[in-house]
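Engineer: Protein chains in written order, with the UniProt record's numbering: chain L, 1 to 265; chain X, 1 to 265; chain Z, 1 to 265; chain G, 1 to 265; chain H, 1 to 265; chain R, 1 to 265.
Calculated from the structure, these hints are not laboratory results.
Treat the hints with care, since some could be wrong.
As the list claims (entries may be wrong) - Ranges between beta-carbon positions, derived for each pair: (1) R/Gln226 to L/Asp124: 22 to 30 Å; (2) Z/Gly37 to L/Gly245: 50 to 58 Å; (3) G/Val74 to H/His263: 36 to 44 Å; (4) X/Pro167 to G/Ala207: 28 to 36 Å; (5) G/Val101 to R/Gly34: 41 to 49 Å; (6) X/Val185 to G/Phe166: 24 to 32 Å; (7) Z/Asp214 to G/Gly154: 34 to 42 Å; (8) Z/Lys118 to G/Asp124: 42 to 50 Å.
Ideal Cβ positions, reconstructed from N, Cα and C, are used throughout, including at glycine.
One letter stands for each residue in the lines below.
6 protein chains.
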Amino acid sequence: MNRLLITGANGNLGREMRTRLTHLAKTIRLSDRGDLGEAQAHEELMPCDLADKEAVQKLVEGCDGILHLGGQSVEAPWEVIRSANLDGMFNLYEGARKSSVTPRIIFASSNHAIGYHKQTERLDAKSVTRPDGLYGVSKVFGEAIASMYHDKFGIETASVRIGSCFPEPQNHRMLSTWMSHEDFVRLIERVFIVPRLGCPIIYGASANAASWWDNREVAYLGWNPQDSSEQFRAKIDAEMDPPAGDDVNAVYQGGGFCGDGIHED
Amino acid sequence: MNRLLITGANGNLGREMRTRLTHLAKTIRLSDRGDLGEAQAHEELMPCDLADKEAVQKLVEGCDGILHLGGQSVEAPWEVIRSANLDGMFNLYEGARKSSVTPRIIFASSNHAIGYHKQTERLDAKSVTRPDGLYGVSKVFGEAIASMYHDKFGIETASVRIGSCFPEPQNHRMLSTWMSHEDFVRLIERVFIVPRLGCPIIYGASANAASWWDNREVAYLGWNPQDSSEQFRAKIDAEMDPPAGDDVNAVYQGGGFCGDGIHED
Amino acid sequence: MNRLLITGANGNLGREMRTRLTHLAKTIRLSDRGDLGEAQAHEELMPCDLADKEAVQKLVEGCDGILHLGGQSVEAPWEVIRSANLDGMFNLYEGARKSSVTPRIIFASSNHAIGYHKQTERLDAKSVTRPDGLYGVSKVFGEAIASMYHDKFGIETASVRIGSCFPEPQNHRMLSTWMSHEDFVRLIERVFIVPRLGCPIIYGASANAASWWDNREVAYLGWNPQDSSEQFRAKIDAEMDPPAGDDVNAVYQGGGFCGDGIHED
Amino acid sequence: MNRLLITGANGNLGREMRTRLTHLAKTIRLSDRGDLGEAQAHEELMPCDLADKEAVQKLVEGCDGILHLGGQSVEAPWEVIRSANLDGMFNLYEGARKSSVTPRIIFASSNHAIGYHKQTERLDAKSVTRPDGLYGVSKVFGEAIASMYHDKFGIETASVRIGSCFPEPQNHRMLSTWMSHEDFVRLIERVFIVPRLGCPIIYGASANAASWWDNREVAYLGWNPQDSSEQFRAKIDAEMDPPAGDDVNAVYQGGGFCGDGIHED
Amino acid sequence: MNRLLITGANGNLGREMRTRLTHLAKTIRLSDRGDLGEAQAHEELMPCDLADKEAVQKLVEGCDGILHLGGQSVEAPWEVIRSANLDGMFNLYEGARKSSVTPRIIFASSNHAIGYHKQTERLDAKSVTRPDGLYGVSKVFGEAIASMYHDKFGIETASVRIGSCFPEPQNHRMLSTWMSHEDFVRLIERVFIVPRLGCPIIYGASANAASWWDNREVAYLGWNPQDSSEQFRAKIDAEMDPPAGDDVNAVYQGGGFCGDGIHED
Amino acid sequence: MNRLLITGANGNLGREMRTRLTHLAKTIRLSDRGDLGEAQAHEELMPCDLADKEAVQKLVEGCDGILHLGGQSVEAPWEVIRSANLDGMFNLYEGARKSSVTPRIIFASSNHAIGYHKQTERLDAKSVTRPDGLYGVSKVFGEAIASMYHDKFGIETASVRIGSCFPEPQNHRMLSTWMSHEDFVRLIERVFIVPRLGCPIIYGASANAASWWDNREVAYLGWNPQDSSEQFRAKIDAEMDPPAGDDVNAVYQGGGFCGDGIHED
């Protein structure tokens, strides 16, 4: 690629990807509301509020790839979700539609779009959504925007329902949802390499033994996660008790989010 | 019911329902941004902007049933959709959650939530969404809100993907999508009568021969549409040519919406 | 048919069928543990305890059709269920296997074999069983016996998961489960007329608007229920309130059975 | 339509359709290898051997609709099937591809394309084929030709797996497979009226109670068969015994064809 | 666990598990009708006839895990099956229900619950049962008991349809059905470790290349069989011919059981 | 086996298999229209035109296994396809039916039988066919012949929809479709070893990361491809650009065949 835009580049996941994707494009354009530090040789820094439509238009212009990690990444009051994840998503796709180069987009969706499914269910890309909060609803919205811009304008998006993308799983539930940074990088490579992407839904998890998710619908991507959470099981077992059988962390795929109420302002 | 709220009571569908649902509740509370005329004996008029959270809270308070027809009902610029259908939907469900009486809700969703499916496909409640514009995206969002408030707080909603609810079908596509006012009334009765509703997706169409939609997942409601668009076929054939085979009105379930672009402000 | 055996002929359903099936066979052989009254011209009375293997052997001998209504028909202690529905079923099929004429059998199974499915689910013959008590478990057992004797010995059985076979539905749940006596007779006729029966699972309900059950797998039988419970809805609405939304009668297909415990001796 | 071509116009079904479809086109072009009699005012007679590629090219030229009833309509030796149904089908579609007007085509496929499915199975358009002889194989071939010319050249075909299209069903099996002439006419009308046909598989049977076939995939056509074989059941029961349970006419959907061998020359 | 009960501890599988599960509980309580030998330090020996309800009640009391291997493990006359597998199963679950500690249970079900499915079919947990004898019927019964006690009382059971659990596969059919002792131990560990088990159906087989069974529904358990029967193929090929293509051992999943009759007393 | 016939033994794939299958039969009978070179000790050379029915009868006589690689293997004019793939297939199966030994057959079908499915779809053996040319249609025909001869005469065939069987994948599309010669040999071994084959559809591809095909329906064969195209990805990336997203090689599973027209004579 010529220019890859990473939004949310100052978030945890954004900082990881900033250093791991340098082989994918000549220039990496980085954006965030927060501090982006020093630009490296191949980097462009473009701080931007995703709720600012005109700024987003400039941000997107000229990029042939976008890794959209930006926006609100956990539950929050409605106004926060609305600006960051609804306005932000709309602005990004309007920018993409009007850009002189049509970008291919990876949208960081979330397991919280399907969080109220039980852990004894097995989901694939055709499963109905069951969001577990306003954050999850905003991800269903984002996937709908991606679907519509694909059907109407041909913009291709990979919506990745990310499980838990950390260096290590941090509790028993994450033994099912964990995705290693390396596996995420492998997925990003595949999305930008395949000649025809379409607009798939992808579950973002490593090859965990205790997975609930089935990526059979996107076999054509050729993404093969290489890591597994099993190597961390003994460590987690040693550090904490598993949740009780009727704990939301043991019942629902979305875990703790399912037990929370709505965030008042 | 004690008190049934009808939002959007000044719209076409709202005005029809205002006169046809009087047997369902002791009091009908009517709301709209526009003029609501004179209150009848059993009516309460409460003009309200759905984007006004506090007003909506008062509007919902004390209602045990809500027929939510309000909001933007065709494609429009983002800001309009956002206020009417995103803020409005959130405010309505927050109102329901905080109300002293938990209402059962009928949400007027739309075929435009699945509009980019082809007319040669047959859909049911488990089919993936494919919205055909910002309006359609807002309906996917609305169904997600309903799903989440059901899973999290137990509020029951019937999301009705309304086809074309007019006195008569007006073109060839509507021979597939038409729902008579009488059949809609029958559906509303069933939704409020069954002891356990859950949170179903319902396709709102009469018993049309040329239907694309299969309500098998909601057989338990006992709704049997009695009307059929076939009686109007000859009339429509006489009035106009059918669309060409590659016309969006013949290709996609969402018809003309699928051929339109995004409304700029 | 030459000789049709009706077991449980002194039960409510047995007494109805005794008078309605006279056109199906030259001789109707009637059996029950209880009093069978006076034999009509075309009738043979053979009182019999289904737990008595030798007696059952004689009972079955020479019959080319069996309507097996006998056994325990509601929840009961284990010993009662075991004798009537486990021993009884085994004895009946051993009798059929050893008989000089291989009979075709209708087994009165029950909705309680799938009673813990929720009323918002739609079942067909492939749905997994979820029995709602020892009685329901005995019906799963009976269907398994029928399946095995079909695969191993070619004996054909129609297992009918009877809903509620009364003159009229008696409460709101039965608006979904009711089967008229006339529709049951129509079904019995079809089972004995089709040249090849196989070993189907059939949901025994009239053409009720509010059905939860789908008989698509047995379309080849040509059974078309003619009655519907809707005609009784107003009467039931007038006589009683519908169950509350969280009442077992509104939640589970098996209704009240799902709320009961195990019958101790 | 301007000009509708009927091939096989001298066959039983062809002669029926010749008189029943006059409202569908200004000119009906009739073709057969056999005698076509006198031309009526609106008719063009063009005798033609379907195995003659050049003649077929002329036959198809200028037709906007084709009802392809021609070819070999029962089992026959390979050379007969090959000429009439393989060469004939190829020639017809090559003709259609090269014609100055692209026709919409109805292909008279057959239940013998799926004849080895058992009568206790229920099929829809997605079921795998199981042809019951060379004739059935030729129909699978024909559907494949239709599919390929649709995907490659956009020619639309309705492949109708005709059951038994006679004035009355003639035996017990036909109570499941019968299609009245009137229902076939209704289907032909729908195929030529809908703006977008695609390339569907349709089971050609009336609304028979004992059907094995499910047309759910083509609900969008709006075809509602009005007749049912049930009215003839008593008559057939009076005229003949039903086939024994292990007779091919009672076991397989294709009936007697399934018991036959291969026709040697 | 505090106390794990193993029933059938003197059977082949029971003796294996007695020595391999010592890491799972502080105390292993062992039961059988036969001789249990000397108790090891961490063992409790409680000989018991499963048909003796009161004895079973005492046996179960205080156990937080049960591995139910007891009962009749091959085809037998009805009275034997009934006592060991029907009475025994009922008594065990009544014991569990009344125990001061609710145990989690592993029920040794069997491939003979689905034995009449052909070897060319692929099954998962939703496939219909097709028992291949009285033994297989008793396993369908057992799974029904487990399902009912889960829905009614919340007792969690893993019903494991064990294929062939021997040190090595012993014939060609077992190349498909074999489960190594090590893989069974791994499964038992997973069942007792996951916080929420539910009431799943699990196919008990190693990662055999020629498997007929798909455990996709229980991916959430995180059970990954590590062994494969392929390593024994050459040995079996050398020792015996494969069964002929129409031998029951080559046709049905249940193998030889499918060719046997009913055991008379 | 006693005698294995390989047709098309002078083709690319035939020459490979000639040397790799010597362990499978005492005698390898080789056939082709072209030059077959020198016979090795265990070989019989029988040049033959598959369109010559009598010659094919002699060719097949006495073989207990057939690897049918013969016929036209790429798109060609109708007459060529008809002789080689329609007549040839019919002749082969008539030969098999009349042979004194009933052979088991491997039919080299092709991915072009399903070529018009998009690369974003995932197929299994139950997916509908979508041939991408006359060659693809002839493979659908061949699978239908195999199905019919199995249902009617019990002849067992493995129809292998071969992807791309070359020493190495030669372009990006083949990273999805490639099958190594070694994996094909493994498949052939399994087909001839299993006691009961039936008449399965098998996708012939190695364990490629980017596969579109799911062989779940034939797990019972125990075929485990060992190779993967991923090892060649870097090489192909270095040698050529991937096809553009709207290139037929990136859109359809059949690749370039989907962009071609019909071959005129």
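Engineer: Against each hint, give a clear statement of whether it holds in the structure.
Structural biologist: Results of checking the hints against the structure:
no., hint, in the structure
1, R/Gln226 to L/Asp124: 22 to 30 Å, "holds (27 Å)"
2, Z/Gly37 to L/Gly245: 50 to 58 Å, "holds (56 Å)"
3, G/Val74 to H/His263: 36 to 44 Å, "violated (51 Å)"
4, X/Pro167 to G/Ala207: 28 to 36 Å, "holds (30 Å)"
5, G/Val101 to R/Gly34: 41 to 49 Å, "holds (44 Å)"
6, X/Val185 to G/Phe166: 24 to 32 Å, "violated (44 Å)"
7, Z/Asp214 to G/Gly154: 34 to 42 Å, "holds (37 Å)"
8, Z/Lys118 to G/Asp124: 42 to 50 Å, "violated (27 Å)"
Going down the numbered hints, you'll see the structure goes against 3, 6, 8, while the others check out.
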